[in-house]
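S.K.: Chain residues, written in single-letter form:
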Amino acid sequence: MNDDRFDVIGRVTRRQDGHAMVTGRQLYSSDISLPNMLQARVLRSPYPHARIAAIDTSEAERLGAVCITPEDVPRVKYNERQVSVPAKTYRDRTVLPDKVRHVGQGVVAVAARTEALADRALDALDVEFESLPAVFDPHEAMRDGAPQLHDAVLLGETVLPIERNIACYREAVEGDVARGLEEADLVVENEFTTGRAYHGQLESKAVVCRPEADGGITVWATAQSIHNTRQLLGSLFDIPLSKINVQRVPIGGSFGSSIQMNSSVAVCVALALKAQKSVKLVLTREEDMYDHCKYPSNIHLTYGVKRDGTLTAGYLKTVVDIGGHNIQAYPLLGCMAGWFVSLYRLPHLKFEGTAVYTNKAPACAMQGYGNPQVTFAVESMMDTIAEELDIDPIDVRLKNYVGLGETFWGQGPTVRSVIRSCGVEEMLLKGKAMVGWEGRGSSTSKTGRFRRGIGVGRGFHTSGTGAPTPGEVIDYSTAMVKINEDGSVDCLTALMCHGGGTLDAGAKMVAEELGVPLDRVGISPSNTRSTGYDVCTHATRGVYCGGASLLRAAQDVKKILFDFASRIIDVNPDALKVRPDTSRGQGVVCLPGAPAKRITVAEVAKTAQIKGWGSIIAVVSHRQVNCPPCFVVNFVEVEVDTATGQIRPMRAVAAVDAGTVINPDLAAGQLEGGLCRGIGLALLEDTTYKPDTGELTCGGYLTDYKVYTAQDMPSLEDLSTFFADTYEPSGPFGAKGVGEAANNATAGAVANAIYNAVGIRLTEAPITPERVLSALTRDAEQLQQGR
Amino acid sequence: MMTKRRVTLTVNGEHVEPLVEANALLVNVLREELQLTGTKYCCGTGQCGGCTVLVNGEPILSCLTLAVAVDGADILTIEGVAKPDGSLDPIQEAFLDHGAVQCGFCTPGMILMAKDLLAHDPSPSEERIREHLRGNLCRCTGYHRIVKAIGSCGQ
Amino acid sequence: MGNTRILTREFEYVAPETMPELLALLDRYGPAATIIAGGTDVVPQLKYEKISPDYLIDVTKIAELRTVRRDGALHIGAAVRLRDVKAYCRDNETYACLGDALGSIGQAQVVNMGTLGGNICTASPAADSALALLVLEARVRLIGSGGERVVPLDAFFRGPKMTGMEPGEVMAEIQVPAVVDHTGSAFRKIGRVAGDISKISCAVAVQSDGERCLSCRIGMGAVGPTPMRMPGVEQLLSGRAIDAGVMDEAADRIAADISPLTDVRSTEFYRRRVSRVLFKDTFDQAWKRVQR
Ligand SMILES: Cc1cc2nc3c(=O)[nH]c(=O)nc-3n(C[C@H](O)[C@H](O)[C@H](O)COP(=O)(O)OP(=O)(O)OC[C@H]3O[C@@H](n4cnc5c(N)ncnc54)[C@H](O)[C@@H]3O)c2cc1C
Ligand code: FES
Ligand code: FES
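Protein chains in written order, with this note's numbering: chain A, 1 to 787; chain B, 1 to 155; chain C, 1 to 292.
To be clear, the hints were calculated from the coordinates, so they are not data collected in a lab. Don't take every hint at face value.
List of simulated lysine-lysine pairs, BS3-like, C-alpha gap at most 30 Å [stated by the list, open to error]:
hint, chain 1, residue 1, chain 2, residue 2
1, A, Lys-482, A, Lys-432
2, C, Lys-50, A, Lys-99
3, A, Lys-446, A, Lys-430
4, A, Lys-77, A, Lys-306
5, A, Lys-77, A, Lys-399
6, A, Lys-690, C, Lys-50
7, A, Lys-432, A, Lys-243
8, C, Lys-161, C, Lys-280
9, A, Lys-432, B, Lys-148
10, A, Lys-274, A, Lys-99
11, B, Lys-4, A, Lys-277
12, B, Lys-148, B, Lys-83
13, C, Lys-50, B, Lys-4
14, C, Lys-50, C, Lys-61
15, C, Lys-161, A, Lys-690
16, A, Lys-606, A, Lys-482
17, C, Lys-161, C, Lys-50
18, A, Lys-611, A, Lys-559
19, A, Lys-88, A, Lys-243
20, A, Lys-482, A, Lys-559
21, A, Lys-611, A, Lys-482
22, C, Lys-288, A, Lys-446
23, A, Lys-317, A, Lys-277
24, C, Lys-86, B, Lys-148
25, A, Lys-690, A, Lys-317
26, B, Lys-148, A, Lys-430
27, C, Lys-280, A, Lys-446
28, B, Lys-4, C, Lys-61
29, A, Lys-611, A, Lys-577
30, A, Lys-577, A, Lys-482
Working from the sequences, and respecting the hints, build out all of it.
M.R.: Put into structure tokens, the structure is as follows:
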């Protein structure tokens, strides 16, 4: 797809970091090695709930290990996620705890010359646990008399007592749901669950910390936000930020699992400060799986609808099992409300969300942040409504979706804006034709052992969390752009790329704006000392927010460039243009129509240097005052083996409305990857716990936590992607996001496809063969009994 | 303390003789002793293929391989795939051209598996490619572009 | 929690090159030693801290354990890699079910590393090649310093991770008898994803005259303490003309005779339920493969 409006935007280009990746030269945190570095290991709780009665490290220390216990670390209660404003941040953990709340929680950490030695030191530790009763089910946890995980936490600076393990509660009401349901011709109601899927990023979390001579520290960590990591370390360890340098390091996948500062970062820093040596701490896979998972959901959903398919009311009630710590449940509930109300127009609505502590690994954001969970329920319900009213499911969606010109609040009640670009209809109709929707038939027409079905799901994610007024979530980015003396360009920002090509997109925008060939625009390595604040690469904000800050900086730089050029070629700066001249590998500043009035960007920059005019450089901090929805549509075809309950995804069409697409290949790659993970959420993935021990059923090993392989996915021919043709007025060059949107609609589409194949509504994800077969058996028995 | 022994390896064409303990795993010898960090640890239990290297031309999992057990072997890691002058192997080029790389963590293993496959089957069917890659997990891409890239290398 | 990145267990590694050396080492170290071949089971077991040997004895450098020989029966050295057995099966259709089983095993890398002896000695109820070999009526030759013996495979398995091998013994080879004429065989399994270890598996070898089942061997995996033969069903089918009714009867019997559990991979209900159709599918495929 080449867009004539642009030189590089929308063109397929190689990513800048690709060469290092295909040659094995890309250094991730787990690859970093420093002279004289110690290796750390962490003793982890075998109990789901226990008080730590005594710790003896003497034997381990005799082996030469440096040890830290809860006694050696700051006692400050903190929250590892620094994206919400302080007043809305729940703080319930310390660097090391005196009470463990899930199996696998770290208790004591050791560092030694080699990992083997560190492991021996772990064995030599003597820790006495006083086991406490544990609770694993959120509904049980809310009962009176259930084991209490936290007595009190801090909300901002206020002490907040915790009752019945409820970490937080959120409600949103508009209109009067009871009235809305009364006005309806049909009321539908169902309960949906999704699992505690594990991020499964291929690089387990890693951190290296070097104590510096001035009392400061340098940190290389798996992190989606280097600045938040730095600020948190500063407040925990009472080190001025000017002495903390957190390096931006490539990340081997994240999917939301490192929005927060990983708990091992503080542990590693504490060890390094005590040892006064560099320390490296890389989680093993099993430690990583005990560290985090996706927020599961349990959703009770009710809709009222008129005979013609118009929704009159919606009521969503959810209980979220957050595990042992509250990383970001409060904004999560706000977003879940936002996803719910912004999918379909609801004259009357109500949302109630309760987040509950249990003795399991803490849940955190994972691609979609509650959105795939809510959309699974909502999109399943849209099909139920269509079926009940005998309307085409696509028409129900077209009738009710929140679109152009309407207000939406995807990021929660405090983040409202108006939709200014929307490709929903285009994607639904085009996708419908591509997938052969009309020929899909109804479930009742299908017979035989293997039955195919096609389902649709639609959804959206917001591009960032920006809004006209500052809300509960911090959102802005800082970027520096500089034209070097040879006409090449440096881009410097704390923005992260997790593989989706965020920084490449930024570089393309700068190249486009400055008229410099893309291969002369470099992305500088960055760290917290050399960059201004960037909140985090999360919430699908990379291109829309981070990219916009780079674009703004480029615009400022262009002004300086034109000003300097005008002094040299004597043309009013307002009349100048700049275009890439690929034959010269240079940007050329020119006056259109006047061939004599031309000068390369390099000549301008060099002249400015020689004459002492200064560097062509600009730094910009920028907040987007909008967070437009990037819409998605998925069509999925599955084949159900009714004898074994196995489901195979056979074919899929995935589309996104990302506004102007900056990197078509990488954006399509996001859709394909999101689809694969979405199918995993729908059919395969969950972390379950042994009720007697509180251990993960899979032990934390990938041996029994399965993710799909290349052989499980539809063939090249059977998977298509496309982009809606839209332009977002508030986005850089008209762009919005893709990232999280890519998997939001998938689970719903899969469930709808299964329904279309076998006529059974499965509401419990993952929809495993075991669940399918049980449902088919129940269904057959009911049929026999004549319903 | 275990005794260390010297093993003789040819790694990416270079003769090396690291001193290793009996329980040292090949992945760690490559990553730590030889500082070839392109070989990745991701699961340690044989499930992900991130630690794949070619031993005597065949892909194995270095996280399940004792270094002492491959004494004398010829090993190719991702660092040895490009030509000595730095120019890329066609598979590497294809990965870049098809957008088959996202976070890049699975890429070394994927490229080595592709090398192995193409060495035995110069124009593999898509089905064959998918089967051959099923031991290598990629969490980012959904495999689509990886399969496409490898397919494009077929003759 | 163990450590899947490094081996924390300390041990000595020895790699004898002849059988007498190997047997002497086994005698000398006794229970302190564990045999390692491809290591695809041993190394994970070390990481999970399920075994704690002081010595690992590598059997893959012994030439006679690495050879395949044919004299009517097929003699596969215990340390022959799954990859080589798979290639052999590709060229020799008579062992179709073994080829199926090897084709279904995990990753190309595992097939390169793992050995046939290792797959059997692991004694996992879900071991794929073991199940195929069971219905091919394979025998294993065990050698100890006191002598050698040949044991039928179904007598070899005693329970999960338990075999009839005595201390000091090593598996030298797997003997697969020549397949009688008019026999077809097949292996199928159900996993969570492609190449996964079995939730449930089935192997069938059937001899037929085109209408009747003259004799058959049926094995089910991951539904009991060991890979299991199903003598009841074998008897039920022997001499019978095969039609849908008979197959239903046999499938019911399969479901009744297995003893599945609920574990991390699947449930008892599911395994019992799908055992019927998995058996039918496998039998069907084996039947179609009968050469006439
Ligand atoms: C990722 C992965 C996927 C897998 N998928 C499958 C699968 O799909 N199906 C399946 O069946 N298996 C699977 N396995 C299990 C394993 O790979 C096989 O069982 C393999 O054949 C074991 O062979 P090995 O040579 O590696 O055994 P090793 O690990 O070396 O040994 C296994 C056991 O056998 C003993 N042993 C080995 N050789 C001898 C001998 N000659 N005499 C006496 N004892 C001996 C060892 O002491 C040990 O107890 C998988 C393993 C992994 C890591
Ligand atoms: S790290 Fe070796 S297979 Fe995963
Ligand atoms: S590109 Fe990230 S795991 Fe494959």
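S.K.: Evaluate each hint against the coordinates.
M.R.: We went through each hint and held it up to the structure:
1. For a cut-off of 30 Å, the pair hint linking Lys-482 of chain A to Lys-432 of chain A is broken: about 47 Å separates their Cα positions.
2. Pair hint Lys-50 of chain C plus Lys-99 of chain A holds up; C-alpha atoms about 29 Å apart against a cutoff of 30 Å.
3. Between Lys-446 of chain A and Lys-430 of chain A the CA atoms are separated by roughly 25 Å; this keeps the pair inside 30 Å, and the hint holds.
4. A hinted pair counts as satisfied when its Cα atoms are at most 30 Å apart, and Lys-77 of chain A with Lys-306 of chain A does not qualify at roughly 51 Å.
5. Distance check on the hinted pair: Lys-77 of chain A and Lys-399 of chain A sit about 49 Å apart at the alpha-carbon level, beyond 30 Å; violated.
6. Restraint check: the Cα-Cα separation between Lys-690 of chain A and Lys-50 of chain C comes to about 19 Å, which is no more than 30 Å; the hinted pair holds.
7. Annotation: proposed proximity of Lys-432 of chain A to Lys-243 of chain A is violated, straight-line Cα distance about 57 Å (limit 30 Å).
8. With a C-alpha separation of about 29 Å, the suggested pair Lys-161 of chain C and Lys-280 of chain C falls inside the 30 Å cut-off, and the hint holds.
9. For the hint linking Lys-432 of chain A to Lys-148 of chain B, the alpha-carbon distance of about 25 Å falls within 30 Å, and the restraint holds.
10. Our distance criterion of 30 Å between C-alpha atoms is met by Lys-274 of chain A and Lys-99 of chain A, whose separation comes to about 23 Å.
11. Our distance criterion of 30 Å between C-alpha atoms is met by Lys-4 of chain B and Lys-277 of chain A, whose separation comes to about 27 Å.
12. In summary, the hint linking Lys-148 of chain B to Lys-83 of chain B is supported, as the alpha carbons are separated by about 23 Å, within the 30 Å threshold.
13. Proposed proximity of Lys-50 of chain C and Lys-4 of chain B is supported: the alpha carbons are some 25 Å apart, at most 30 Å.
14. Distance hint between Lys-50 of chain C and Lys-61 of chain C is fulfilled; the C-alpha atoms sit about 25 Å from each other, no more than 30 Å.
15. A hinted pair counts as satisfied when its Cα atoms are at most 30 Å apart, and Lys-161 of chain C with Lys-690 of chain A qualifies at roughly 23 Å.
16. Proximity of Lys-606 of chain A to Lys-482 of chain A is assessed by CA-CA distance (about 13 Å); at most 30 Å being required, the pair is judged to hold.
17. Taking the CA atoms of Lys-161 of chain C and Lys-50 of chain C, the gap is near 11 Å; set against the 30 Å cutoff, the hint holds.
18. Only pairs whose Cα atoms come within 30 Å are accepted, and Lys-611 of chain A paired with Lys-559 of chain A is accepted, the gap being roughly 18 Å.
19. A C-alpha spacing of about 28 Å is found between Lys-88 of chain A and Lys-243 of chain A, which places the hinted pair at or below 30 Å, so the restraint holds.
20. Taken as a hint, the Lys-482 of chain A and Lys-559 of chain A pair is honoured in the structure, with Cα atoms around 12 Å apart against an allowance of 30 Å.
21. Proposed proximity of Lys-611 of chain A and Lys-482 of chain A is supported: the alpha carbons are some 18 Å apart, at most 30 Å.
22. Simply put, Lys-288 of chain C and Lys-446 of chain A have alpha-carbon atoms about 28 Å apart, close enough for the 30 Å limit, and the pair holds.
23. The suggested pairing of Lys-317 of chain A with Lys-277 of chain A is violated, with an alpha-carbon distance near 51 Å, which exceeds 30 Å.
24. Taking the CA atoms of Lys-86 of chain C and Lys-148 of chain B, the gap is about 27 Å. The hint holds against a cut of 30 Å.
25. At most 30 Å may separate the alpha-carbon atoms for a hinted pair to count; Lys-690 of chain A and Lys-317 of chain A meet this at roughly 27 Å.
26. Restraint check: the Cα-Cα separation between Lys-148 of chain B and Lys-430 of chain A comes to about 24 Å, which is no more than 30 Å; the hinted pair holds.
27. At most 30 Å may separate the alpha-carbon atoms for a hinted pair to count; Lys-280 of chain C and Lys-446 of chain A meet this at roughly 23 Å.
28. Between Lys-4 of chain B and Lys-61 of chain C the CA atoms are separated by roughly 20 Å; this keeps the pair inside 30 Å, and the hint holds.
29. Between Lys-611 of chain A and Lys-577 of chain A the CA atoms are separated by roughly 23 Å; this keeps the pair inside 30 Å, and the hint holds.
30. A C-alpha spacing of about 18 Å is found between Lys-577 of chain A and Lys-482 of chain A, which places the hinted pair at or below 30 Å, so the restraint holds.
Hint violations for this structure: numbers 1, 4, 5, 7 and 23, all remaining hints satisfied.
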